[in-house]
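In order, the protein sequence lines correspond to chains E and U.
Per this note's numbering, residue 75 is the first one in the first sequence, and the count goes up by one each step.
Per this note's numbering, residue -12 is the first one in the second sequence, and the count goes up by one each step.
Since the hints were made in silico from the structure, they are not lab data.
Predicted, not measured: the structure shown is a model, and the values here were computed from it.
Don't be surprised by glycine CBs; every beta carbon is placed ideally from N, CA and C.
Among the hints, erroneous ones may be present.
A few chain U residues facing chain E, derived, Cβ under 7 Å [claimed, not checked]:
1. S449
2. R452
3. H459
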Amino acid sequence: MIQTSINSIKENLSLCSKSIKELSLSESPDVSFESKEFKRKQLEILLIGGHIDVETFSGGDLTTSFLRSSEDNNFGHVAIINLKKIGCDYNEVTFESEISVLDSHKKEKSVCNKCISTRKKEADLSKGMINQFTCWRRGQTSQKFGFLLKYELESRHDNLEIKHKNTLCSREMISSFFRNRVMFSRTKKESKNFMAITIDINLEGESESNNVSELNELLPQQMLVSKNMPLNLSSNSNQSAREHKEKIPEFVKSILQRVHDEWQLDGPSRNSTGITNIFLIKNGDKSIDGSTFENMLQSFSNRINVHFDSYELGDLSKNTTDDLSVSNLSSGSSRLCILLDTIVDLTGGENVGK
Amino acid sequence: MSFVKGSISPWIVKIRDKIESSYTEIKVGRILICLLSLILTSMVVVTQSMINPFSSISAITLVILVTICVFVGHYYSVNFCQEMKWRIFVIYVPIFTSIFLLVLATNNLVTESVFFNLLGHAVIVQISILSGICSGEAVSAKWFGNMLYNKRINSQLSSKKIAYLYWAENGDAKFVRPDDVAPRWNGSKNYVSVIIDDKTIPFHYLTPVRIDGDKITSGVVTVTQLFDKLPINYKKPLSVFRDSISRADIRQSWINFVQNTIVSNPQSIGVHNSKIPAKSQRIVVGGSTKIISWKHPELDWSVACDTIFGTNPDKSVFHSVLMTKNSSGTVLPAERNFISIANLDENELNSKVVALRSYFSLFVMLFQEISSKAMVRSEISKECIKSLSNWYKSIQSGNLLTEFSKLEHFSNLNSIEDFTNFTDWEQKFNDSVIDPISSFVSLYNRLRISLENHDIPIDLSSGVREIIYKIHTDVVSSNARTPYSAKPIESSTRFGNRRQIGLNRRGALLSGIFKMYFIESLLSIGLGGEI
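Can you make the complete structure from the sequences, with help from the hints?
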């Protein structure tokens, strides 16, 4: 069952990634005029058949002189655009660093990879900061490539599984799901500037049955009998509920690991780093038992070097509540929010047709 | 009163139609007899009567009258001979006049000079017209062909396994045995016609075909050989029949091209060679399935429209090749047959018909471009045909056209006349082949902006967006694959976009442009021309 759940997430992530790759050939990730103009020129170059090999392309001395130029209208080629011109706010990069946009796309020693590793903690849901980046690659100010995949954790037939509820994204992305009728029918238009997965964990029912179970175990020990408490109250179901509860951390951990791997390997960019942040949003005291689950999330986050934090629903800012659609989170439920690296490629088309 | 009017009117209409549509053949010999009898009786009157009816006619009047009447008789010789409505003037009136003259010559009851003056003029008019008729075309040429064709050619066709393939205006086909028809040259309409099922139809609706089991091939060569075997002096009388057979063959080649090749086997258009018969295709003739093998059309579409079909090249292709009298505002039964779904609502039918007509016009234009002397245009057209034929199949079988039909203006029956016609496609081709990049980008942007600016149902806008992204990806990926054995190209600094676009990419760009233009046109019709 876990494999089915993982496949479902993997398939949907793959669809999103493919969609972003296709859209990024023509759609601008940023709202600025320069970014749109850059995309327009790039579209023409792509149509002509312009193709660059990111790893081996070298513009020579000529590119260096362009990178030094402070003119704003040189958006013809990624090799001659200074990284600062596409809104890079990474404090270790300056205009004089003469790093081109093309350099940032290289697999090894990319400044974009360094940037994400040092700035993961900047995401803060209490302040409404989900996507803190301002550059064209990660900022996603046009909100055309952002999405929110919403899942729900369910226990069914002695097993745990996650069910895809719906997806929120831009109309451009909805269009790219047109052929996949299942995904298309479950997608709603709501533009996002981040890429995330949420998993609702509602264990209220489980929790209640566990209380009864504890009481049921306690009474015989004290030689007490209650008419209101049947002796053989669905001992099997209690057993099963307890088992489910115990399984949750491991189940979620497997999913997190697969999501991380999938986005790293098949993300929309060659520089995709997988998961960047994990947040647990809890609503009320009856929420999932913190210690075990949170410990697992913390240890997993530490292992893959991402930022983890836990919030009460009331602590979130209004913007975050709306963005993550957590306002309708039922009492006693928790929502696991997995933020993915929002980086996209600006080189355009090198993977198309391969 | 209205009852009488109601019961008589149909009869009057029927008789009028009968007179107008039917034709007769008054042999020139009969007209000659009438003329001679008129001359003879006039001479009798001149010699026997007390008053000479021609004496009061002035020389100038006589010259003018004779010149005009001889000219009219000569020029309309064939019409006077073949049309029922003129029989009264060329046969009965001269007979009556002759009898009247004889009576006058033998009986001197009438002595008024005015009467003789009028009679003299009438006789001069009749003699002049009849002389003109006898000197005109009716004496020799085309109508002599009727007899020649039926006796010397039509009667031999059955023995040579030739039958006529009658492709009706509604798109249905059936065989007609040569012995069952007698083609006749119709002077009033100036074409050879034939009566089938009590309907007079042009003879070029019937194509001679050789039937060999289930296989049908053109029988024109055999019929032409029969023409060639006849003595050379029969050539002129038979010219109209030969022309009809040739027109029928051209019509058939276009019908086969449109109704069969474009629909069932569009890829074969890319290997266009007018000398080689196209791949065999199945057709339904009179309820049974046959295999037809026919050459692709040789004539240009515009020339064929002008000389064969007598229509505008921008008319619906189907309407033109079937030579139907129905306007483009009506959906032909043959068009319905292509839309396989039986119970379509009117909107859906309209959107599908518009798409079908646009597709036919596009393919006729591309077919014409294949024959172009410019190699680049020809190769690009082949690329486009390959790409577009598969694409249209997916459009036709998918839900997109149904989604388009939900747009408001497809409820209007006139919308089916707004399809993208031959000239539109030709213009698009001419514009795009010069600068495909600019055309592609501008169309691409226009389509995306119109999707954003109009309130279009989500399923339709998503479908269209998906198509345009796919088109874009197809263009970008064309030629993107490098052969494994190829030597890696050294990276060099090249920031400009002045590059030579290869034929493959040009073809991909042009097909993308046509696809987007196709979608844009449908969108524009559905939105009432707002984009």
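For each hint, the structure was consulted:
1. A least Cβ separation of about 4 Å between S449 of chain U and chain E falls short of the 7 Å threshold, and the interface hint therefore holds.
2. For R452 of chain U, the interface hint holds, the least distance from its beta-carbon to any beta-carbon of chain E being 3 Å, beneath 7 Å.
3. Among the interface hints, the one on H459 of chain U holds; its C-beta lies about 6 Å from the nearest C-beta in chain E, closer than the 7 Å criterion.
Hint check: no violations occur; every hint is consistent with the structure.
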